[in-house]
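Given chain A's structure and the hints, the job is docking chain B onto it.
Protein chains in written order, with my numbering: chain A, 1 to 336; chain B, 337 to 672.
Because the hints were derived from the structure by calculation, they are not lab data. A few of these clues could be false.
[Unchecked claim] Heads up, incomplete: computed chain A residues facing chain B, CB under 7 Å, no partners named:
hint, residue
1, G29
2, V49
3, V52
4, L56
5, L87
6, A91
7, P93
8, S125
9, P126
10, G127
11, F130
12, V134
13, R149
14, G300
No residue lacks a Cβ here, since even glycine has one placed at the ideal position from N, Cα and C.
Number of protein chains: 2
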Amino acid sequence: MEPLGPVREFEEIRSFLKDLPAADGVRLGPGDDGAVLGDGTVISTDLSVEGVHFRLDWVTPEEAGARAVAAALSDLAAMAAEPLGVLVSIAVPRAGEGAGPFMMGVRGCLDHLAIPLLGGDLSRSPGPVFLDVVAIGRSEAPLLRSGSRPGDEVWVTGALGGAAAAVQGWLAGSDPSPQAREAFSYPRPRIREALWLRAHAPLSAGLDLSDGILGDAGHLAAASAVRIELWIDRIPIHPGCPSGPPWAGLLAASHPPLWSRGEDYELLLTAPAGGISPWVEEFRRIFDLSLTQVGCVGEGEGVWIRSAEGTGDAFRAGGGWDHFGGVEEESEEGIS
Amino acid sequence: MEPLGPVREFEEIRSFLKDLPAADGVRLGPGDDGAVLGDGTVISTDLSVEGVHFRLDWVTPEEAGARAVAAALSDLAAMAAEPLGVLVSIAVPRAGEGAGPFMMGVRGCLDHLAIPLLGGDLSRSPGPVFLDVVAIGRSEAPLLRSGSRPGDEVWVTGALGGAAAAVQGWLAGSDPSPQAREAFSYPRPRIREALWLRAHAPLSAGLDLSDGILGDAGHLAAASAVRIELWIDRIPIHPGCPSGPPWAGLLAASHPPLWSRGEDYELLLTAPAGGISPWVEEFRRIFDLSLTQVGCVGEGEGVWIRSAEGTGDAFRAGGGWDHFGGVEEESEEGIS
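Chain A on its own, in the form it takes in the complex:
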């Protein structure tokens, strides 16, 4: 089995989604975290494949089920959409066996968030376990990737690198720390957090950090036609992450920094200058979660990496990711 990791983006698939004609009843087609119907219904679908997204010698089936649902719901958080329910398709090697524990995990996550399970499908799989989770939500004004403007600030919820630290531990044959393990096994979709911030702060754009902050900031920069500057020494590092300088590995293609590897399912948000900072303390009190400014938005394109004080070079990360640790090579990209 190959090391767990997201797969290369397929340009040939993306080509099927480009330049689609506008359709009646569809407000937003492919290209954001979810599709948006004319009435504000938001729909996203998210695959979890055994051996690609999880391994059953690392996590339990319950954890794999919970993680699959959390990852799907994170797309609704990214768009600040209120969840209406999910559908779950699952294929397991033997019919009638083994699906139950995955669905226990699915239900556990949904019950915790008071989100209904609306239906799904099931099948035998002649190979690995497959889960596909469809998340359905609603938003009158979904938060898109395309709204960032020069002068905006870039913020992130929570801390990054916990899930990647767990994977690194497992791949090295050791047990990850309990904090890292939980970050991988039970990522928290930031749904209430997104709805609260959307209601209070003048958010201009957002997405969830599934691919990793470098790649995801690149998506946001491209969709908004702006340049995003990330302050590397302000990236909040997850307590489950081994300590070290945040830029270690940034230039080594084979070992990108843990905080850049994604699957944290935190939110990357932009807002006009001063729009978020008044809410940081109340947000932390309500959600027990940090909000950290990690950069700013300017004219131009791509993602640039520098220190918060502006010392040192600004590395261009947009447009040519390979020298930043295979971010594009290994980037997994939802089509939606």
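Quick look at chain B alone, frame taken from chain A:
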């Protein structure tokens, strides 16, 4: 590889969907062909797994993609919902290779029906090809399984057994007839047909024949709390089906009749007596498709099989399917 065929229904999964509390914004949860939101949005998800639902030595990737989409859209037809779009999740063995032809088939089917592709997800698969298609539609008054009443008539669109005849041919090592092959490879979701009938005839209930008419009539009987009588000598047999008495194999568990094996994606409909027959000719003219009465609805429960003239015994098919050729043993059941 095992013979292709649908898998056993998982009671343990079904148990996760039963007795769910009603949720705000959800009109209909699991148990019908799709879930229905409060505003009439209909959502269904449908799995297609290589080696279970299709084999690539039988059909091309394009055909597998088209068939996966058609099967998913058939759930919208079953509910007489107007399609808004679909999302497609796909996992293929090698990233960047092989997904294109499947998506060509997906787009071909969608373009033919003028339905937009709204998004999806993609992944590498360490095993078989895996497709999950989410179909989204809208209906102010979705056609449910629960509306049949004693005295209603039971009708079916088109003819049955073509897809099963193709599978039988492939399993026997021979090439199926072109008609049978097309029935398997390009099933037609009866969307326009369902919308037209819904607008003209007083339909009381309906579903699509994915599992096979015996099992599917059983679902309808159970949902409506009625007894369904099927007239075995009136079942319309697909021209790609080898000829023979329609009841051949009915009592042989290992070889159920081809017309009962499902995957035809025709519609099974009920309506009050005389409600459909005035429309048969116009329907045939518009859609080049037959409408055939195949039975009636009575008080009681289960599915009973007899001749149209009432001669011979009425076999009870509901409640104990095993003696009817493993209908339940091999029944594939969407959760939704």
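Now the hints, each set against the structure:
1. Residue-level restraint check for G29 (chain A) holds (minimum Cβ-Cβ distance to chain B is 5 Å; threshold 7 Å).
2. Satisfaction of the interface hint for V49 (chain A) is found here, the shortest Cβ-Cβ separation to chain B being roughly 5 Å, below the 7 Å cut-off.
3. Interface restraint check for V52 (chain A): the shortest CB-CB distance to chain B comes to about 5 Å, inside 7 Å, so the restraint holds.
4. Hint status for L56 (chain A) relative to chain B: violated, with the closest Cβ pair at about 12 Å, above 7 Å.
5. A cut of 7 Å between beta carbons decides the hint on L87 (chain A): the least distance to chain B is about 5 Å, and the hint holds.
6. Given hint, A91 (chain A) at the interface with chain B, holds; its Cβ is 5 Å from that chain's nearest Cβ, closer than 7 Å.
7. Residue-level restraint check for P93 (chain A) is violated (minimum Cβ-Cβ distance to chain B is 9 Å; threshold 7 Å).
8. Interface hint at S125 (chain A): satisfied, since its Cβ lies 6 Å from the closest Cβ of chain B, which is below the 7 Å cut-off.
9. The beta carbon of P126 (chain A) is positioned within 7 Å of a beta carbon in chain B (closest approach about 4 Å), and the interface hint is therefore held.
10. Proximity of G127 (chain A) to chain B holds as hinted, the smallest CB-CB distance being about 2 Å (cut-off 7 Å).
11. Interface hint status for F130 (chain A): upheld, as the beta-carbon distance to the closest one in chain B is roughly 5 Å, under 7 Å.
12. Hint status for V134 (chain A) relative to chain B: holds, with the closest Cβ pair at about 5 Å, below 7 Å.
13. The beta carbon of R149 (chain A) is not positioned within 7 Å of any beta carbon in chain B (closest approach about 25 Å), and the interface hint is therefore violated.
14. For G300 (chain A), the interface hint is violated, since its Cβ never comes within 7 Å of a Cβ in chain B; the closest pair sits about 28 Å apart.
Checked against the numbered hints listed earlier, the structure breaks hints 4, 7, 13, 14; every other hint is satisfied.
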